[in-house]
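**Student:** In terms of my numbering, the sequence shown opens at residue 1 and continues consecutively.
Just so you know, the hints here were simulated from the structure itself, not pulled from any lab data.
Just so it is clear, CB atoms sit at the ideal spot from N, CA and C, and this is done for glycine as well.
Just to be clear, a hint being listed does not mean it is correct.
[What the hints assert, rightly or not] Taking CB as the label site, the calculated pair distances span:
(1) Ala124 <-> Met9: 34 to 40 Å
(2) Ala97 <-> Met9: 20 to 26 Å
(3) Gly56 <-> Phe10: 39 to 45 Å
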Amino acid sequence: MPLQSSYTMFQAAGYPGMHANMEAWNALTRTATATIAFGAPGQRNGDNGVAPLASGGEFIGLAVATHAVTVNGDLYVLGDTVPIADEGVWFGKADAAIAAGAALNWNSATGRWTTAATSGTIFAVQGAEADSAASGADAIFKVRLRRIPS
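Please build the complete structure, drawing on both the sequences and the hints.
**Tutor:** Structure representation (structure tokens):
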């Protein structure tokens, strides 16, 4: 494969689940008990498992992408080892326009971040806020996750 020698003017700054700055960060390591997308909030599933956040689940952090990804696409599947970050700034995808500083919820139906009120498929994510603004649906923006109390 040839090296990339030119870049488009509109190349995205990052991708969902990618660390967005140089802050130090830790990650728990869990085993995926269901398919979970990069950058998606996860919930505890058993002693060492993680599943996508659902109604009534215990939020434990974001499923972050690593530099050495062993899966295809942008998600982890059943049995994959998933790093779960409980703080930091990560790239995510917006469901609609979002102002910087807004509190965020997760829309499990679309797999994107939203400011809409919690309802059937929209779940509250403790400590999540927009670190940068998002221009509209599918826009890449920065999600700040404040440390989750244990």
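**Student:** If a hint holds in the structure, say so; if it does not, say that too.
**Tutor:** Here is what the structure says about each hint:
| no. | hint | result |
| --- | --- | --- |
| 1 | Ala124 <-> Met9: 34 to 40 Å | 37 Å, holds |
| 2 | Ala97 <-> Met9: 20 to 26 Å | 22 Å, holds |
| 3 | Gly56 <-> Phe10: 39 to 45 Å | 40 Å, holds |
Hint compliance for this structure: no hint is broken.
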